[in-house]
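If you're matching them up, the sequences are chains A and B in order.
Numbered per my numbering, the first sequence spans residues 62 to 172.
Numbered per my numbering, the second sequence spans residues 7 to 118.
One thing to keep in mind: the hints can contain errors.
[Unchecked claim] Heads up, simulated DSS-like pairs for lysine-lysine below, C-alpha to C-alpha not over 27 Å straight-line:
{"id": "1", "chain 1": "B", "residue 1": "Lys17", "chain 2": "A", "residue 2": "Lys98"}
{"id": "2", "chain 1": "A", "residue 1": "Lys98", "chain 2": "A", "residue 2": "Lys159"}
{"id": "3", "chain 1": "A", "residue 1": "Lys129", "chain 2": "A", "residue 2": "Lys118"}
{"id": "4", "chain 1": "A", "residue 1": "Lys119", "chain 2": "A", "residue 2": "Lys98"}
{"id": "5", "chain 1": "B", "residue 1": "Lys76", "chain 2": "A", "residue 2": "Lys159"}
{"id": "6", "chain 1": "B", "residue 1": "Lys17", "chain 2": "A", "residue 2": "Lys132"}
{"id": "7", "chain 1": "A", "residue 1": "Lys129", "chain 2": "B", "residue 2": "Lys76"}
{"id": "8", "chain 1": "A", "residue 1": "Lys103", "chain 2": "A", "residue 2": "Lys119"}
{"id": "9", "chain 1": "A", "residue 1": "Lys129", "chain 2": "A", "residue 2": "Lys119"}
{"id": "10", "chain 1": "B", "residue 1": "Lys59", "chain 2": "A", "residue 2": "Lys83"}
{"id": "11", "chain 1": "A", "residue 1": "Lys103", "chain 2": "A", "residue 2": "Lys129"}
{"id": "12", "chain 1": "B", "residue 1": "Lys59", "chain 2": "A", "residue 2": "Lys98"}
{"id": "13", "chain 1": "A", "residue 1": "Lys103", "chain 2": "A", "residue 2": "Lys159"}
{"id": "14", "chain 1": "A", "residue 1": "Lys83", "chain 2": "A", "residue 2": "Lys98"}
{"id": "15", "chain 1": "B", "residue 1": "Lys63", "chain 2": "A", "residue 2": "Lys103"}
{"id": "16", "chain 1": "B", "residue 1": "Lys76", "chain 2": "A", "residue 2": "Lys132"}
The hints are simulated quantities; they were obtained by calculation from the structure and are not laboratory data.
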Amino acid sequence: GENVEQHPSTLSVQEGDSAVIKCTYSDSASNYFPWYKQELGKGPQLIIDIRSNVGEKKDQRIAVTLNKTAKHFSLHITETQPEDSAVYFCAASIVNYKLSFGAGTTVTVRA
Amino acid sequence: DAGITQSPRHKVTETGTPVTLRCHQTENHRYMYWYRQDPGHGLRLIHYSYGVKDTDKGEVSDGYSVSRSKTEDFLLTLESATSSQTSVYFCASYPGQGGEQYFGPGTRLTVT
Numbered sequence: 062g063e064n065v066e067q068h069p070s071t072l073s074v075q076e077g078d079s080a081v082i083k084c085t086y087s088d089s090a091s092n093y094f095p096w097y098k099q100e101l102g103k104g105p106q107l108i109i110d111i112r113s114n115v116g117e118k119k120d121q122r123i124a125v126t127l128n129k130t131a132k133h134f135s136l137h138i139t140e141t142q143p144e145d146s147a148v149y150f151c152a153a154s155i156v157n158y159k160l161s162f163g164a165g166t167t168v169t170v171r172a
Numbered sequence: 007d008a009g010i011t012q013s014p015r016h017k018v019t020e021t022g023t024p025v026t027l028r029c030h031q032t033e034n035h036r037y038m039y040w041y042r043q044d045p046g047h048g049l050r051l052i053h054y055s056y057g058v059k060d061t062d063k064g065e066v067s068d069g070y071s072v073s074r075s076k077t078e079d080f081l082l083t084l085e086s087a088t089s090s091q092t093s094v095y096f097c098a099s100y101p102g103q104g105g106e107q108y109f110g111p112g113t114r115l116t117v118t
C-alpha cells in the first residue's frame, strides 16, 4: 500500500515567520494530496488539498506544492500566527475514498 | 464537521472486556471510516465502509470488527480489549465523488 513520510515531526517558529512541512509518498499512482489541521482535543480538519494535475495551490496564507517526479509535496504557511499552532497531517490517495496519512507535525508558533 | 458525533467520548475499560464505539453522521455520506491515532504513527485506518453492510479492512484491523446496518451509523467493536488498543479513535465520513473526509471529535479509550 501507499507509504507517506512526513518531516519534521515538530516545528517551532517565531510569530510572523514561515513554516514548511514536507511529505514524500511511495506510489506514483497517487493523485490526491490533502492536508489536515488538528487542534488540541479535536478531530482533523481539511485545510487545503491538491490533485496531481496541479503543481501549486494557494489559499490566503497557506500553499501546497507538488513535485510528481520526486514524489513529494509540501505545505507552506506564511506570516504564522498563534492560531496556526496545531498538529498538521499530510495524506496521499490513489483512490479518493482511501487516504494514507503521514505521522504528523506539531507546529508551535512562539509569540 | 459534517455532523459527525462519536460516543462515548472517553472510556476506561479492563483488559479482556468487549468494547463498542459508535459513530453517527447526519449527512447521508456513503463512506465511513474508523482510524486510531497514536504518537509517532499519525492516523491509521482500522476498517472502512462503502455502504450499508459493506465493509473492508484497513492497515491495522486485527482485534477489531465493524458493522454498518444503517447509512448513518458505523460501530467499531473490540471483542476482547488489550492494552495495545489504548488509543484515540476517530470516525470519519466521506460523501464520495471528490469531496473531503470529515472527522468526528474522537474517543479516548484506555485499556487497563
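Q.
Checking each numbered hint in turn, tell me which of them this model violates, lowest number first.
A. 6, 7, 10, 11, 12 and 16
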